[in-house]
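2 protein chains.
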Amino acid sequence: MTEKNLVHELLTKLEEHISGHSFGDSPAELYDPITYIMGLGGKRIRPLLSLLAYGMYGKNPTEIFSQAAALEVFHNFTLMHDDIMDQAPLRRGKPTVHEKWNANIAILSGDVMLVRAYDLLLPTPTALLHEVIRVFNKTAAEVCEGQQLDMNFEGYETVAEEDYIHMIRLKTAVLLGLALQLGALLAGASKEDVQRIYDFGVNIGVGFQLQDDLLDVYADQAKFGKQVGGDIISNKKTFLLLKALELAKGKEKEELQHWLGLSQFDKGEKVAAVKGIYEQLGIRSLTEKKMQSYFEKGFQQLEALQIKNQTYYAALLGVTQELMHREK
Amino acid sequence: MTEKNLVHELLTKLEEHISGHSFGDSPAELYDPITYIMGLGGKRIRPLLSLLAYGMYGKNPTEIFSQAAALEVFHNFTLMHDDIMDQAPLRRGKPTVHEKWNANIAILSGDVMLVRAYDLLLPTPTALLHEVIRVFNKTAAEVCEGQQLDMNFEGYETVAEEDYIHMIRLKTAVLLGLALQLGALLAGASKEDVQRIYDFGVNIGVGFQLQDDLLDVYADQAKFGKQVGGDIISNKKTFLLLKALELAKGKEKEELQHWLGLSQFDKGEKVAAVKGIYEQLGIRSLTEKKMQSYFEKGFQQLEALQIKNQTYYAALLGVTQELMHREK
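Which chain is which? The protein sequence lines are A and B, in order.
Quick note on my numbering: the first sequence kicks off at 204 and runs consecutively.
Quick note on my numbering: the second sequence kicks off at 204 and runs consecutively.
FYI, nobody ran anything at the bench for these hints, they're computed from the structure.
Small disclaimer: the values here were computed from a predicted structure and weren't measured.
Careful, some of the hints might be misleading.
The list treats identical chains as interchangeable, and a pair is accepted whether it falls inside one copy or across any two copies.
Stated by the list, open to error - Here are the computed lysine to any residue pairs in the SDA-like style, where the Cα-Cα straight-line distance is at most 20 Å:
no., residue 1, residue 2
1, K440, P230
2, K303, N355
3, K341, L323
4, K341, P230
5, K341, S229
6, K473, E457
Between the sequences and the hints, there should be enough to build the whole structure, so can you do that?
Here it is as structure tokens:
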């Protein structure tokens, strides 16, 4: 089977597994929002990474659909709660749970999703369960820490580069690391391999977030799902803006602060003006270099892996490369 | 050692264990609220029940402080999130977390508390971990279901007795059952004993909630911590009100509906009037009988237990009796 077919087949079966899972019936107010958010789709990248890592070590991924689904349920729990905190009206183009129902229901449904994630980890062999729950807990707490840091940063004038990287590492990258770690761990990979594949996931995860920051400014509007320049319009503290705040001097600094301070403005004008400042400061290439450095650091981890199934390894590389070259 | 001394000593050591636990440092916004709510006190009844059940089967309770603390952390997580949903300004006489910080922080700190509860379960022997997490998950989901039902009931005209009992069983009683179940399970009690002690906990838990409903109306104000009649003032759907709604006919029904419908009223007058209706309908004695029936059903479960340490058993009975005769 080619790698592409392998990935397609895994995703199809995983989707069947997820949509076939009953989250509960009663009370409907508690369980319907879970079925709803899990049904909104998404790339299922986290469970897919678990399945590929498991297969890479010579195991049959259908054995760990439950644990892989646990990561997707956890991820969607964080989305449900983050959307309340961010007062987001839409998620994947559909009303968020707190909009469609209300905030209380979104809090409580999210809580029960987190509990369900632990349930889905339970089909783990006894000898591995302690370690599986330990690493899951560690990552889950870190994701909460990342979300808190992200909320804290909103109130700051600016944020140092290393603090921003620390935040995105916690908020989004460690969960990709966990996904791969979980697959390797369940497959019985060596301690060293489990660590290396985790580090691979975390590093490419940081790279993906930097790529998100770049795409928001430089994506092709025809291909991009959201409004290009949205982060500039909302003064979102992306790597690009933070780097510009760090490097701008004199007139550029004044102009940047001017645009950040305006409460009323023409969106197109602001995007063009801030992009102009980024251009003068070389922000795009700086960010691309930083992103590349994380991708490279990630791929270095793969060199020493003791892989048993090359097709799965090729599939993992393929999926990663595709994400690295995505245009939306 | 007498039972009273035993309980006192266990509570002292447990409190040291809880206050000595570091929930985390950074970001402070995430972890300070956890230290805060855990420091507000409370009777620590759930972890105490675990310790006593464990001791009853001949084991040394200091071995399971971590798992016992997990239940207290879980309980306080539910309080933190429930307080947001109920828009409660105070918890144990102090500002609630969403008031002292904000709702977003209360959501996220609660989330990380739930994760931490699972961490605290991890020192469980490998052979028991799967079952411990399974029963914990089951109860945790049920507690969420109970809270959702409670919120649903607010919007209903009335609620049938069995639906109310079902709700309080889920919202509060099953966690007392779990506390005892966890202690027995960890101590290696038989499957039958684990089930019996769980059923004991659930049944006395339902009884305690009915007692709460009674105390709110009939407590001695000098001893009661809150305003006596508070549930009447706020039209809270307690067992007493639901029973009165079921039994009142004609003029009594009209009078009850009149008081429930008033948006402005003298609090003392409303409490006196509704108490008068309860009096005419014999609500107090009906509720006391129902409460007693749950207490009795609970105590029946204890008869067949294979107890190894009678001092711990006496202590468990003592703690239960004290709760059954509390005046606040």
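We went through each hint and held it up to the structure:
{"no.": "1", "hint": "K440 x P230", "result": "between (40 Å within a copy, 18 Å between copies)"}
{"no.": "2", "hint": "K303 x N355", "result": "between (27 Å within a copy, 16 Å between copies)"}
{"no.": "3", "hint": "K341 x L323", "result": "both (17 Å within a copy, 12 Å between copies)"}
{"no.": "4", "hint": "K341 x P230", "result": "between (31 Å within a copy, 15 Å between copies)"}
{"no.": "5", "hint": "K341 x S229", "result": "between (31 Å within a copy, 14 Å between copies)"}
{"no.": "6", "hint": "K473 x E457", "result": "within (14 Å within a copy, 64 Å between copies)"}
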